[in-house]
Amino acid sequence: MKMRIRRLGRKYLDLELSVGDNLRARVVERPGRWMPPDDLARMVDDLRVVAATTLGGDSLDYGVLTGDIDRLNDAILTVLYEGESRQPVGFNALSLLTLDLRGRPEEVLHTGLVMVDPEFQGRGFSWVLSGLSVVLTFFHRQLRPLWITSVTQVPAIFGVIVESFDDVFPARLKDRRTYRHLEIARQVMGNHRHVFGVAQEAGFDPERFIITNAYTGGSDNLKKTYSQAPKHRHDEYNAMCRGQLDYERGDDFLQIGQMNLRTGRRYLLRAVPRSSLWSILSRGLFLLGGSVIVPAVQWFSPGTQLGELRPWNH
Numbered sequence: 000m001k002m003r004i005r006r007l008g009r010k011y012l013d014l015e016l017s018v019g020d021n022l023r024a025r026v027v028e029r030p031g032r033w034m035p036p037d038d039l040a041r042m043v044d045d046l047r048v049v050a051a052t053t054l055g056g057d058s059l060d061y062g063v064l065t066g067d068i069d070r071l072n073d074a075i076l077t078v079l080y081e082g083e084s085r086q087p088v089g090f091n092a093l094s095l096l097t098l099d100l101r102g103r104p105e106e107v108l109h110t111g112l113v114m115v116d117p118e119f120q121g122r123g124f125s126w127v128l129s130g131l132s133v134v135l136t137f138f139h140r141q142l143r144p145l146w147i148t149s150v151t152q153v154p155a156i157f158g159v160i161v162e163s164f165d166d167v168f169p170a171r172l173k174d175r176r177t178y179r180h181l182e183i184a185r186q187v188m189g190n191h192r193h194v195f196g197v198a199q200e201a202g203f204d205p206e207r208f209i210i211t212n213a214y215t216g217g218s219d220n221l222k223k224t225y226s227q228a229p230k231h232r233h234d235e236y237n238a239m240c241r242g243q244l245d246y247e248r249g250d251d252f253l254q255i256g257q258m259n260l261r262t263g264r265r266y267l268l269r270a271v272p273r274s275s276l277w278s279i280l281s282r283g284l285f286l287l288g289g290s291v292i293v294p295a296v297q298w299f300s301p302g303t304q305l306g307e308l309r310p311w312n313h
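Read left to right, the sequence shown gives residues 0 to 313 (numbering that gives the first Met the number 0).
Hints in this document: simulated from the structure, not taken from any laboratory. Where is the CB? At the ideal position from N, CA and C, for every residue including glycine. Check each hint, because a few of them may be wrong.
Stated by the list, open to error - No more than 30 angstroms apart at the CA atoms, straight line, and that leaves these computed lysine-lysine pairs for DSS-like:
hint : residue 1 : residue 2
1    : LYS223    : LYS173
2    : LYS230    : LYS173
3    : LYS222    : LYS173
Said to hold, decoys possible - Simulated restraints on C-beta separations:
hint : residue 1 : residue 2 : range
4    : THR211    : ARG261    : 30 to 36 angstroms
5    : GLY66     : GLN227    : 24 to 30 angstroms
6    : GLY102    : LEU142    : 22 to 28 angstroms
7    : THR224    : TYR11     : 36 to 42 angstroms
8    : ARG143    : GLU15     : 24 to 30 angstroms
9    : GLN86     : GLN186    : 34 to 40 angstroms
Construct the entire structure; sequences and hints are all you get.
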């Protein structure tokens, strides 16, 4: 698998890789802050093409799909392209949310929207859209633990979140939330509903972390019945969603978990194909080096004019 890192040692992630079957994936972090306007507009159009194809001609009116620069300023996008024509066939849109945790600002990663052209579903690259950008972000942030949020009514996704991250709530009926879970949930629901298309009139159950009447803020066309929602191979997650969510009303779970060294290792060893493992790991280490070694070299070379390569201001 070939990978091209476009912007080493820069503040924001930008890379492209082959994922087989004449497909390439591009991962970009916060494109609204650095990407030329014409390139940014084309990327948003690519996302809309995939959304319309996946939804049978319908559209979504929230998040990065609106083209709102504020949404794109905080997004991490993975876009799948087919062939030389670079036809967009899938995407994953994550969002970085700034919360106040332990009295200081901290970034939390919302896993966001995943969409794949029906003709390309089941081709074995779910690992690219479900976890690659999360792991690369983890490496780029120097392997510091990273809180993750997810909003879903789909049992398959609910189970994937439970099995992919640590300290996830809600996960099973017997689990109890911690104060940190509640602190994150309150701020996400209080300040960031627009990120996942939930309007202010939607309710929130702070004991079960259920968003009631969730499909009211631009995400209406994502609402499913329980029978329509893809199921997980482990029935306990299906039963959790079936028993706790009101699908007619349009409920979602808000899940909160953490990416750390253990979960990063689990993803690399279990989800990434063996043929791609070393390539992903080596590039992850390359990104880690870019975020640690390059700033250190710059710090100890104050007399050298490095322009944009000089350490960024936070």
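Of all the hints numbered above, which does this structure not satisfy? Sort the numbers upward. Checked against the structure, no hint fails, so every one of them is satisfied.
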